[in-house]
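Make the complex out of the two chains shown on their own, each in a separate frame, by following the hints.
Protein chains in written order, with the numbering used here: chain A, 1 to 392; chain B, 1 to 85.
What the hints contain is simulated information worked out from the structure, not anything from laboratory work.
Glycine is no exception: its CB is placed at the ideal position from the N, C-alpha and C atoms.
Among the hints, a few may not be true.
To be verified - Taking CB as the label site, the calculated pair distances span:
no.	chain 1	residue 1	chain 2	residue 2	range
1	A	P205	B	E5	39 to 49 Å
2	A	A253	B	H51	19 to 29 Å
3	B	A81	A	R391	39 to 49 Å
4	B	T2	A	P205	43 to 53 Å
5	A	V353	B	A81	40 to 50 Å
6	B	L71	A	A341	21 to 31 Å
7	B	D62	A	D292	17 to 27 Å
What follows is each chain in one-letter form.
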Amino acid sequence: MAVFRMPSLGSDMTSAKLSEWLVQPGDRVTRGDVVAVVETQKGAIEIEVFETGTVTELTATPGAELPVGAPLAVIAAEGEETGEKTGGETGAEAPDAPPVADRPVVDVQTLPQPQTGGIAASPAARVRAHDLGVDLARLRGSGPGGAIVLADVEGATSAPSPAPEQPSRSGLDFDEMRRAIAGAMSRANREIPHFYLSQTIDLTPASEFLTAHNADKPPAERLLIGALFLRAAVGAARAVPQLNGWYEEGFRAAETVNIGVAVALRGGGLVAPALIGAEAMDLAQTMAGMRDLVTRARAGRLRNSEMTQGTLTVSALGEIGAEAMAGVIFPPQVALLGIGAPQTRPWVVDGTVIPRQVVTVTLAADHRVADGRLAAKFLSEFETLVYCPERL
Amino acid sequence: MTPEEIRNAYLEELVTVAPDIDPLTVRDSDHLQDDLELDSMDVLNFVTALHDRLGVNIPEADYPHIATPALAVDYLARMIALKKG
Chain A
1 MAVFRMPSLG
11 SDMTSAKLSE
21 WLVQPGDRVT
31 RGDVVAVVET
41 QKGAIEIEVF
51 ETGTVTELTA
61 TPGAELPVGA
71 PLAVIAAEGE
81 ETGEKTGGET
91 GAEAPDAPPV
101 ADRPVVDVQT
111 LPQPQTGGIA
121 ASPAARVRAH
131 DLGVDLARLR
141 GSGPGGAIVL
151 ADVEGATSAP
161 SPAPEQPSRS
171 GLDFDEMRRA
181 IAGAMSRANR
191 EIPHFYLSQT
201 IDLTPASEFL
211 TAHNADKPPA
221 ERLLIGALFL
231 RAAVGAARAV
241 PQLNGWYEEG
251 FRAAETVNIG
261 VAVALRGGGL
271 VAPALIGAEA
281 MDLAQTMAGM
291 RDLVTRARAG
301 RLRNSEMTQG
311 TLTVSALGEI
321 GAEAMAGVIF
331 PPQVALLGIG
341 APQTRPWVVD
351 GTVIPRQVVT
361 VTLAADHRVA
371 DGRLAAKFLS
381 EFETLVYCPE
391 RL
Chain B
1 MTPEEIRNAY
11 LEELVTVAPD
21 IDPLTVRDSD
31 HLQDDLELDS
41 MDVLNFVTAL
51 HDRLGVNIPE
61 ADYPHIATPA
71 LAVDYLARMI
81 ALKKG
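Only chain B is shown next, with the shape it has when bound in the complex (with noise of 0.2 Å):
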């Protein structure tokens, strides 16, 4: 997958765990929680969704990692990278 498959991937679900953001305004700089104001319920609901959607089995320790569209994407890939092995 391309940065910008990830990137789509990524935001898609979003909007499917909290319909009322705009996938047009997030930024890459956007925070789950402090800016997007997801809740621990939103979160573990959207990381569900990337598993079964790309296959990452993103454990707790990982979430900072996954916590803005610019982390996840850099994440993600590598984590895809690894699964093909």
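Excised from the complex, chain A in its bound form (with noise of 0.2 Å):
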């Protein structure tokens, strides 16, 4: 029998409104299952759970104002559940309890909501939806990745819908994601005392890979740079651990590359959740990857461990702008890569200035644990991926 609690959510973030259960008593999970949605200052998020077994009881209500560690529900483990069921059962019922007691005989299908978290839709549909009686389930999602948006639950029903929302992601509240951005921003530079190593790199390679790697593809497996650069920041990761993991009290190096990815929303705001497993990825799971992490970070659907679980971040200006970023490091982290638009400027090579397109990248370490040497040597390990983008 086990206790599931709300799950830390960053370090800034001591406390979430429980807005709705994906699972209900007696449905079986398994570990890393998204069984409820949190609503917090970063927007809605999915939390997962970390134990398997059966949901015997929901012990929090959705609307309630939780901290982290408050009890969610209580979930037996494999073997348990026979034994608990007779114990907590009056015993009229338990004699004929079917043997997948606790759940109600009715057509799933006519549940205002779905059983588990696989359907994908913005937190206004999901409020909206709850509120018409529609199923999720029922409906087809004209949002980002087939997620179902507000639109799509007050087009299934003919009930004159109330005034619309704001622009569909109301999920996202932006003055609230200020807030946490200011957070933690500022106690990253009261505690982090930051230093920066700039690098300008020759794109030449890079961009001919890509070229070449792209012409036959359809849109769906096309690469974008984005991709080779998240990939080179875990090689970089894995060969300097000194910079890969979370300063808490005394730095603690991760076993692993979770690397973060900068997400601008339309609208404003930021947020940097983490590629999970991306040490394992390759070029092309990277950048799918990718694509999956800033769809549900726009549509306002990630997961605590994507939150949290980070090692290192990149954040990346884009294909326009600004030549170089010089930014702060996401607590508590150690280290963070700004990536500037990629720029055409004279470059020397053998002897004679060309047009080149450069990109300049920037390393903002912690000097807590580290030097300007492994700084350095970060930097010279993600340069030599990005010229030879067929190792990544």
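Here's what the structure looks like:
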């Protein structure tokens, strides 16, 4: 029997509001399943369960503001269910209980909410669907990645809809998000003695690699240069483990690389979820992972592990804009790689000046754990990998 | 498809990628990146959506040809015609 508690949602978040359950008593869950959605300053976050077993009780009620560590549900481990049920239920019901006890005998399609977290829908769509009694499982989503958005829910009912809310990502409160960013960045500037090293890198080999790779691919299989940068950052983080981890009471190196990806949100705001398992991904997997992460960040559907398990963050300005960025480290991480927008600049190749596309990368590092030598090693490794994209 | 149908399809997929854009305010000369502020990931998602919807595989080299609604209607009409060949 395990008590499932509100997990940590980042170093500056102490509580969150439970917005909905995606499971019911009697449902079987496996470690890593998304079982609930909570609202935080950084938008709606999906909460994953850490146990495998059967949900026996939901102790927290949607709508409640709950501190980190507050009990949310009770989960019985494998083999525990039977004993617990007979002990926990009234004698009148127990003898007749069907094998899948606790689950109401109704058509699951008629339930207002899905049985699992498998349906992608914006928080506003979920709330409206709940209010209108619309079953999300019956809708076809028109949002990013097929996610159900508010318009899909309202289109599904003939009832006149109330005045529409703001543009469809109303699950994200940009004022709240700005406060969250302010808190984390103020703490970073207060506590972390930043220092910065920069390097400008010739992008010709990477650009040629991408052009050749993408030439005969349908759009769904094309790569962006951002995926190459993430892969190179993973390689550099592995080569310099002293910059890949967390500073809490002293530095703790991470055992793997979960690269953080700073995602700018249309309308303002920034989140930096982690690409969990990035170390084991190849280039195509990294691209798919980045695409998924950006889509969910913008839809306000990130998971708590993604908010807390990043080990080193990459922040890229995109393809148009300023040439360099000295960023602020996301605590408790100890390094952030800022990547400027690529620029065409005069460049010396074999003694001759020619126009080349170059990018300036700037590593912000925590002086409590590293010195310039380590930061230089990181940038050198990054440059080597960007020069040889076929090795990524 | 008529030019108007192509324009409507273009705007519908655009709004799916960037839900905060009001399709009624998009002008024919608005540029995806400079005016509508799509980033490279948005553009890729948009091109993927147009590919799925219209069956036109827009290569990277042709991205400038879909950068505004006016350019795109012209380009996509030609590509759809070519496909029917």
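Against the structure, the hints come out as follows:
no., hint, result
1, A:P205 / B:E5: 39 to 49 Å, "43 Å, holds"
2, A:A253 / B:H51: 19 to 29 Å, "43 Å, violated"
3, B:A81 / A:R391: 39 to 49 Å, "43 Å, holds"
4, B:T2 / A:P205: 43 to 53 Å, "45 Å, holds"
5, A:V353 / B:A81: 40 to 50 Å, "46 Å, holds"
6, B:L71 / A:A341: 21 to 31 Å, "23 Å, holds"
7, B:D62 / A:D292: 17 to 27 Å, "26 Å, holds"
Violated hint: 2 only; the structure is consistent with all others.
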